[in-house]
Amino acid sequence: MLTMNEPADRLPGRAALARKVLPYALLSPAVLVTLAIVFFPMIQAAWMSLHDYILWKPKDFTFVGLKNFTAALQDEVFWISLRHTIIWIAVTIPAQLLLGLATALLLNQQFPWRPLARALIIIPWALPSVVIALMWVWIYDANYGILNEFMLRLGLIKASVPWLADPDTALYAIILTLTWQGFPFFAVMILAGLQSIPKSYYEAASLDGAGALRQFWHITLPGISGVLVTAVLLRTIWVANSIDVIYVMTGGGPGYATYTLPLYAFIKARTNLDFGYGSSLAVLFTLMLLGLVIVYLRRAGRSVN
Amino acid sequence: MVGRKSLLKRILIVDVPMLLILTFTLGPYLWMLLTSLTSESRLFTEGPSLVGATLENYVRLFATVGFLTNLMHSFIIAAGTVVVGLSLSVTAAYSFSRFSFRGKRYLLLQFLIINMFPVVLLILPLFVMMRVLGILDTHLALIIANATVAIPFSVWMMTSYMNGIPKSLDEAAMTDGCTRLGALWRVVLPLCTPGIIATGIYIFITAWNEYLYALTLGGRNVRPITVAIQTLIGEYEVEWGLLTSGGIIGAMPATILFLIVQKRLISGLTQGAVKG
Numbered sequence: 001m002l003t004m005n006e007p008a009d010r011l012p013g014r015a016a017l018a019r020k021v022l023p024y025a026l027l028s029p030a031v032l033v034t035l036a037i038v039f040f041p042m043i044q045a046a047w048m049s050l051h052d053y054i055l056w057k058p059k060d061f062t063f064v065g066l067k068n069f070t071a072a073l074q075d076e077v078f079w080i081s082l083r084h085t086i087i088w089i090a091v092t093i094p095a096q097l098l099l100g101l102a103t104a105l106l107l108n109q110q111f112p113w114r115p116l117a118r119a120l121i122i123i124p125w126a127l128p129s130v131v132i133a134l135m136w137v138w139i140y141d142a143n144y145g146i147l148n149e150f151m152l153r154l155g156l157i158k159a160s161v162p163w164l165a166d167p168d169t170a171l172y173a174i175i176l177t178l179t180w181q182g183f184p185f186f187a188v189m190i191l192a193g194l195q196s197i198p199k200s201y202y203e204a205a206s207l208d209g210a211g212a213l214r215q216f217w218h219i220t221l222p223g224i225s226g227v228l229v230t231a232v233l234l235r236t237i238w239v240a241n242s243i244d245v246i247y248v249m250t251g252g253g254p255g256y257a258t259y260t261l262p263l264y265a266f267i268k269a270r271t272n273l274d275f276g277y278g279s280s281l282a283v284l285f286t287l288m289l290l291g292l293v294i295v296y297l298r299r300a301g302r303s304v305n
Numbered sequence: 001m002v003g004r005k006s007l008l009k010r011i012l013i014v015d016v017p018m019l020l021i022l023t024f025t026l027g028p029y030l031w032m033l034l035t036s037l038t039s040e041s042r043l044f045t046e047g048p049s050l051v052g053a054t055l056e057n058y059v060r061l062f063a064t065v066g067f068l069t070n071l072m073h074s075f076i077i078a079a080g081t082v083v084v085g086l087s088l089s090v091t092a093a094y095s096f097s098r099f100s101f102r103g104k105r106y107l108l109l110q111f112l113i114i115n116m117f118p119v120v121l122l123i124l125p126l127f128v129m130m131r132v133l134g135i136l137d138t139h140l141a142l143i144i145a146n147a148t149v150a151i152p153f154s155v156w157m158m159t160s161y162m163n164g165i166p167k168s169l170d171e172a173a174m175t176d177g178c179t180r181l182g183a184l185w186r187v188v189l190p191l192c193t194p195g196i197i198a199t200g201i202y203i204f205i206t207a208w209n210e211y212l213y214a215l216t217l218g219g220r221n222v223r224p225i226t227v228a229i230q231t232l233i234g235e236y237e238v239e240w241g242l243l244t245s246g247g248i249i250g251a252m253p254a255t256i257l258f259l260i261v262q263k264r265l266i267s268g269l270t271q272g273a274v275k276g
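Protein chains in written order, with our numbering: chain W, 1 to 305; chain D, 1 to 276.
Just so you know, the hints here were simulated from the structure itself, not pulled from any lab data. The structure displayed is predicted, hence computed values, not measured ones. Errors might be hidden in some of the hints.
[Claimed, not checked] Taking lysine-lysine pairs in the DSS-like style, the calculated list, with each CA pair at most 30 Å apart, reads:
| # | chain 1 | residue 1 | chain 2 | residue 2 |
| --- | --- | --- | --- | --- |
| 1 | W | Lys-199 | D | Lys-9 |
| 2 | D | Lys-104 | D | Lys-167 |
| 3 | W | Lys-20 | D | Lys-104 |
| 4 | W | Lys-57 | W | Lys-67 |
| 5 | W | Lys-20 | D | Lys-9 |
| 6 | W | Lys-199 | D | Lys-5 |
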């Protein structure tokens, strides 16, 4: 250790300089490239959001100040999308969390096929979102989908439901898909947290006569609370951002029934080629997420040191 | 007697619920697989079934849709992203793991923050930028776009792997006459190989699965598998046999790679979270 952090001033001039510069030199390729392909474009997006910029009128790049932003706040679709974004997060995250927690608790038990179960449980995580969207569209198919057949046989519904074409069910159908895709992440994270709790705690608790429920409440939950908070933050940011599954499954429709804010920004730019307005929606959405990101970074920053 | 009773209890409260969750997890995938093995003509009369399973959908997929080119495009992009992501992050990770210097914390967090930004915020300016540079619809464009995810991820993973290798090893190499970079190249990197492979595979999977960048920045000449599948959905709307076989093929490389490295990958991914 000592030799690594040897005080620089004891070395001759050039070597000291080299030692001071070396860490930055080693970092520079990665830092410069991310500056060029991530941070510079982001500034450009903020700049575009202050302009009237429609892609098929390339010469027309007029500065309009905050016009796009005030227009967004008066845009009905903006508010619809915002409402869906909130529902989207508020239903998906708890669903993923509870299912993930249950899965992790089960995987933490002793049973012969545990390694197999642990390997298989994460498969949804590895699949391309387009394939996920494809197979769920097939499951939800109004005429031949297995979900309709299943529920008809059980007598839960009387007639086939066009899950993705009905504005009342479309958003929730996609939420179920996203829950399916994302709960393995929770399961894996929580399982790692569970395994870091010393076994002796449970032994001591059961000697003291604490039942399974009290052990869960007083040992398990406090033991995994750190992981839970981190996982919820990460997932919330990720779920809020995720638009590929929605885009493939419904493209936002029927009507605006499955628009979320980032999807609206994407569609504005992609179909209307309105990059000025699209960017301003993206910037607004980013600002809303920023609070969560800062909380997460604070936590991560602590663990870095 | 006690043993049998507790076994029964275990089956009821562990095995059965686990099996239910696994059914939910694997069901949709297996259903897709089953559909892809059913011939199109039987699909709508009898529904998907293993009786009379056939590969005709797969044959048709490669014969008529030209899936091979799409697979090739995906492969070039994913492999390119792996090269870019790993090569740029190795020295950065070494710097983070071996030195303490001013601004280290902010530089590290900078890499963490990148993946928190909405894709849509990046996609619009990247499109404009690449249009100006004239590289839209090339492999390069998609490699750059995927690198925005791959570089920060890779820096974090590699830093955590390198932290696990004792610093005394570099010192020993340097006393034996190695330079700093020599120590990195000859001692640290070989020891990191498993970590590098796991990180590389994860980058490969992510780039292979990526869809929005591929759709926006590629599309005509360069059409990765994910975009091809999405186009299939539009073109062959009701031919579910063909569509599902496309899905199976598109997901295959990522699924297999993932199952191979899942153990190492998960320990790397969760390490940070548990500490935090």
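Verification of the hints:
no., hint, verdict
1, W/Lys-199 / D/Lys-9, "holds (21 Å)"
2, D/Lys-104 / D/Lys-167, "holds (18 Å)"
3, W/Lys-20 / D/Lys-104, "holds (13 Å)"
4, W/Lys-57 / W/Lys-67, "holds (18 Å)"
5, W/Lys-20 / D/Lys-9, "violated (63 Å)"
6, W/Lys-199 / D/Lys-5, "holds (24 Å)"
The structure is inconsistent with hint 5 alone, although it conforms to all the rest.
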